[in-house]
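Student: Listed below are the residues making up each chain.
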Amino acid sequence: MNIFSQELKMSAASMIYWTASIVLFVLLFMFMYPPISKDIQVIESILSNFPPELRRALGMTTLDLSQVLGFYGFLFIYILLIGSVYAMKSGISVLSEEIRSKTADFLLVKPVPRTRIVSAKILSILSNLIVQNLLFMFISYIIISSYVNGSLDTRTFILINLSLFQVQLFFAAVGLFLSVLIKKIKTVLPVSLGVVFAFFVIQMINQSLNDPKLAYITPFAYFDVSKIIQNVGYDTSFLIINIIIIFILTALTYIIYQKKDIPSL
Amino acid sequence: MNVIEIDKLTKYYGKARGIIDVSFSVNEGEIYGFIGPNGAGKSTTIRTLLALIYPTRGSARIFGKDIIKDGHNIRKDIGYLPSEVFYYDNMKVIDILKYSASFYENIDKNRINKLAEIMDLDLYRKIDDLSYGNKKKVGIVQGLLHQPRLIILDEPTSGLDPLMQQKFFDLILEENKNGATVLFSSHILSEVQKLCSRVAIIKEGRIISIEDIKALQKNNYKKFKIDMGEAVNDDYFNINGVANLVKNASVYSFLFKGDINQMIDKIHGKKINNLIVEDPSLEEVFMHFYEKEA
Chain P
4 MNIFSQELKM
14 SAASMIYWTA
24 SIVLFVLLFM
34 FMYPPISKDI
44 QVIESILSNF
54 PPELRRALGM
64 TTLDLSQVLG
74 FYGFLFIYIL
84 LIGSVYAMKS
94 GISVLSEEIR
104 SKTADFLLVK
114 PVPRTRIVSA
124 KILSILSNLI
134 VQNLLFMFIS
144 YIIISSYVNG
154 SLDTRTFILI
164 NLSLFQVQLF
174 FAAVGLFLSV
184 LIKKIKTVLP
194 VSLGVVFAFF
204 VIQMINQSLN
214 DPKLAYITPF
224 AYFDVSKIIQ
234 NVGYDTSFLI
244 INIIIIFILT
254 ALTYIIYQKK
264 DIPSL
Chain C
342 MNVIEIDKLT
352 KYYGKARGII
362 DVSFSVNEGE
372 IYGFIGPNGA
382 GKSTTIRTLL
392 ALIYPTRGSA
402 RIFGKDIIKD
412 GHNIRKDIGY
422 LPSEVFYYDN
432 MKVIDILKYS
442 ASFYENIDKN
452 RINKLAEIMD
462 LDLYRKIDDL
472 SYGNKKKVGI
482 VQGLLHQPRL
492 IILDEPTSGL
502 DPLMQQKFFD
512 LILEENKNGA
522 TVLFSSHILS
532 EVQKLCSRVA
542 IIKEGRIISI
552 EDIKALQKNN
562 YKKFKIDMGE
572 AVNDDYFNIN
582 GVANLVKNAS
592 VYSFLFKGDI
602 NQMIDKIHGK
612 KINNLIVEDP
622 SLEEVFMHFY
632 EKEA
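Protein chains in written order, with the working numbering: chain P, 4 to 268; chain C, 342 to 635.
Treat the hints as calculated values from the structure; they're not laboratory data. Computed from a predicted model, the values in this text were never measured in an experiment. Glycine included, C-beta positions come from ideal geometry on N, C-alpha and C. You may find that some hints are simply not true.
Computed footprint of chain P on chain C; a stretch qualifies when at least three of its residues, placed anywhere within it, have a C-beta under 8 angstroms from a C-beta of chain P [stated by the list, open to error]: (1) 389-398; (2) 441-452; (3) 546-554.
16 angstroms max Cα-Cα, derived EDC-like pairs, lysine to aspartate or glutamate [as the list claims (entries may be wrong)]: (4) P/Lys12 with C/Glu516; (5) P/Lys105 with C/Asp568; (6) C/Lys555 with C/Glu619; (7) C/Lys476 with C/Glu425; (8) P/Lys12 with C/Asp430; (9) C/Lys564 with C/Glu516; (10) P/Lys105 with C/Glu619; (11) P/Lys105 with C/Glu425; (12) C/Lys607 with C/Asp568; (13) C/Lys356 with P/Asp264; (14) P/Lys262 with C/Asp411; (15) P/Lys41 with P/Asp67; (16) C/Lys508 with C/Asp430.
With the Cβ distance kept under 7 angstroms, some of the chain P side facing chain C (calculated, not the full set) [claimed, not checked]: (17) Ser8; (18) Gln9; (19) Pro54; (20) Pro55; (21) Leu57; (22) Thr106; (23) Asp108; (24) Lys113.
Start from the sequences, fold in the hints, and give me the full structure.
Tutor: Here is the structure:
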């Protein structure tokens, strides 16, 4: 419990900054929704000059930008990207930060098993992600509602938003796993950006090529916003794959950390 | 009863040598010295005992329990002071100490204040603003506040001024009087000499000797300096038990371990200008160990 609350104290500010930045992102880009939806024919004729591979890669063929959820869905691709970087950063740093700031000697000589340290730290990430998602969902609901005449399709809205949490869990697990696998991580953010963008690019290629095999290796394809809007639901097999991957990576994190040598100062 | 029992503990970092077949035992209530130059394996041994790193081979027991299997139980009663201390930034000294205290049961809350007073430590300053020496003081208070039965010190005095070192030694001696066992690692022999009853000497990852400090210093070794008044063979004093023989003009100096009468016999009947016989410092004895083994 003490490790958990210490962890929250140290990470709360960062969680608030990242949440504020995605809220700001939605707020700013939603300003562009009214003019775009009004002149959608003009926009589409411009877009039709783009090569179709590029349009598919950017997710512009499957989303209806004249609809508020379609537009939000288009923004959401980038929200997923930012949210994933945050989750990955949290996952990588939560265990490795102790080694980087050389406080591991303080914490690991305390009378607690390492598994309990890992659990407390994972729990702190989970709490941060849950709070972030609730805050973001609440605020973006208010923002999006203000652009809708009539009522918002709440079910679809919630499904889109919950995909953020699930993709974040994936990247948090990848981060945790990498942090115990790599001996000493010097900088967290570049690694997080690199890994998240790599998965993102795979998704762009996947969309562009329509290659069903590629979809299996990137979480951005597991939760394809346009398909969520179309089907008002998730693809069950991808949902399960995501959970299995998270589970395996987390288990490996526990196992490897249990035997990890803490480098001396 | 042995508080620490180390049995052929071996640690390799990949292919690099950490420690090889390290074995020694520390009795309850003892202050045990652990000396050797930098890189000899002192910290590796200590970090293995604390399960910060895992042994490649061998085992060790503390309070009769296995350091790996029962590590977290053993650590309830261990106070550890590393050579360099690091803490979470943006925290006050008191916050760190309270966080540390939260890991132990039955903490006497007054002890933080008492120890801080002895070590002259301001509890309400931020960790970031502390000097190296002051951070060290936080480490000392932090390591002792749960009244550990075993205190492990890894080069503890670096960064402390002489006055603080003395206060620190007094503190350790008092804990020892109250029943705490101490493992004291250092490359500074005079401090080990001051506190410890026995000492393990480590070199290049191996324990090369375990000695009783008093025996090491008083009974065994004598330092001779003889200014000869007549010429003798260069090898004249090179008998069994002599080490570090140096001849400088007519002055022979060396360490001698053995029956002192043997040496008196050698000098007897020779003309000498001057003779000095004294107890060597541990430093000299120690250097002798290293040279002999090299």
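Student: All hints are to be evaluated individually against the structure, with a verdict given for each.
Tutor: Hints, one by one, checked against the model:
no., hint, in the structure
1, 389-398, "holds (count 5)"
2, 441-452, "holds (count 4)"
3, 546-554, "violated (count 0)"
4, P/Lys12 with C/Glu516, "violated (34 angstroms)"
5, P/Lys105 with C/Asp568, "violated (55 angstroms)"
6, C/Lys555 with C/Glu619, "holds (15 angstroms)"
7, C/Lys476 with C/Glu425, "holds (9 angstroms)"
8, P/Lys12 with C/Asp430, "holds (12 angstroms)"
9, C/Lys564 with C/Glu516, "violated (35 angstroms)"
10, P/Lys105 with C/Glu619, "violated (46 angstroms)"
11, P/Lys105 with C/Glu425, "holds (9 angstroms)"
12, C/Lys607 with C/Asp568, "holds (13 angstroms)"
13, C/Lys356 with P/Asp264, "holds (15 angstroms)"
14, P/Lys262 with C/Asp411, "holds (14 angstroms)"
15, P/Lys41 with P/Asp67, "holds (13 angstroms)"
16, C/Lys508 with C/Asp430, "violated (27 angstroms)"
17, Ser8, "violated (9 angstroms)"
18, Gln9, "holds (6 angstroms)"
19, Pro54, "violated (50 angstroms)"
20, Pro55, "violated (52 angstroms)"
21, Leu57, "violated (46 angstroms)"
22, Thr106, "holds (5 angstroms)"
23, Asp108, "holds (5 angstroms)"
24, Lys113, "holds (4 angstroms)"
The structure is inconsistent with the numbered hints 3, 4, 5, 9, 10, 16, 17, 19, 20, 21, although it conforms to all the rest.
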